[in-house]
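Below, each chain spelled out in residue letters.
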Amino acid sequence: DAKTTQPNSMESNEEEPVHLPCNHSTISGTDYIHWYRQLPSQGPEYVIHGLTSNVNNRMASLAIAEDRKSSTLILHRATLRDAAVYYCILRDESNYQLIWGAGTKLIIKP
Amino acid sequence: GAVVSQHPSWVICKSGTSVKIECRSLDFQATTMFWYRQFPKQSLMLMATSNEGSKATYEQGVEKDKFLINHASLTLSTLTVTSAHPEDSSFYICSGISHGGIQETQYFGPGTRLLVL
Chain Z
1 DAKTTQPNSM ESNEEEPVHL PCNHSTISGT DYIHWYRQLP SQGPEYVIHG LTSNVNNRMA
61 SLAIAEDRKS STLILHRATL RDAAVYYCIL RDESNYQLIW GAGTKLIIKP
Chain V
1 GAVVSQHPSW VICKSGTSVK IECRSLDFQA TTMFWYRQFP KQSLMLMATS NEGSKATYEQ
61 GVEKDKFLIN HASLTLSTLT VTSAHPEDSS FYICSGISHG GIQETQYFGP GTRLLVL
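Keeping their order, the protein sequence lines are chains Z and V.
Residue 98 in our numbering sits at position 98 of the first sequence, and the numbers go up by one each step.
Residue 29 in our numbering sits at position 29 of the second sequence, and the numbers go up by one each step.
What the hints contain is simulated information worked out from the structure, not anything from laboratory work.
Be a bit skeptical, because a hint or two may be false.
Said to hold, decoys possible - Covered by chain V, according to a simulated footprint, are these stretches of chain Z (three or more residues, beta-carbon under 8 Å): (1) 42-48; (2) 98-108.
As the list claims (entries may be wrong) - Take a look, some chain V residues computed to stay more than 12 Å from chain Z by CB distance: (3) Glu63; (4) Pro86; (5) Glu104; (6) Arg113.
Think of the CB as a built atom: it goes at the ideal place given N, C-alpha and C, for glycine as much as any other residue.
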């Protein structure tokens, strides 16, 4: 399975945008980029996913590099409720399994 | 998004007893369900994958006779931890996916915290 690399932690101020990076240099052509987040003592929550084009939804935006070797999850206006561990995961659409890395712990300062 | 529930949300049991955890997809049919385990300050570890009506596929290192999985219907999967020991204390999380539908993303339950004394 292709692997992802994320910073261990990031800090941001409340109501400011947050850019969470993810490197996936060994991504294959059929791998989708998925982002999940996990709040303390809760199950993971789906955030967004994409293949090649940038994606937007009500929670976040996903910017995918042209060579697909990296991507950035963008939270446009962080709130305290966005404090969580964010996981960037590559998933082959022929295999529904998710292989979890360590993720980025996002700390939001009031 | 789709909703997955787990019951119980937490359980404390004595060493040697068995514990059953239920995972239900409330508003979609989960043709495939996954069971994960998460230890403190660690990431999720996939334990097994189950398809409705067939035997679960376990990941390497996960004892199938200790962690019994039954995916009896398209909305229910159960994980039974047999003869639980303190080292089985963990956060157990299930997820479901509906093949061919908009719910191809995995949707996760809230987790079950197991403490074995």
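Q.
If you test the structure against every hint from before, which numbers come out violated?
A. Result: hints 5, 6 break, sorted rising.
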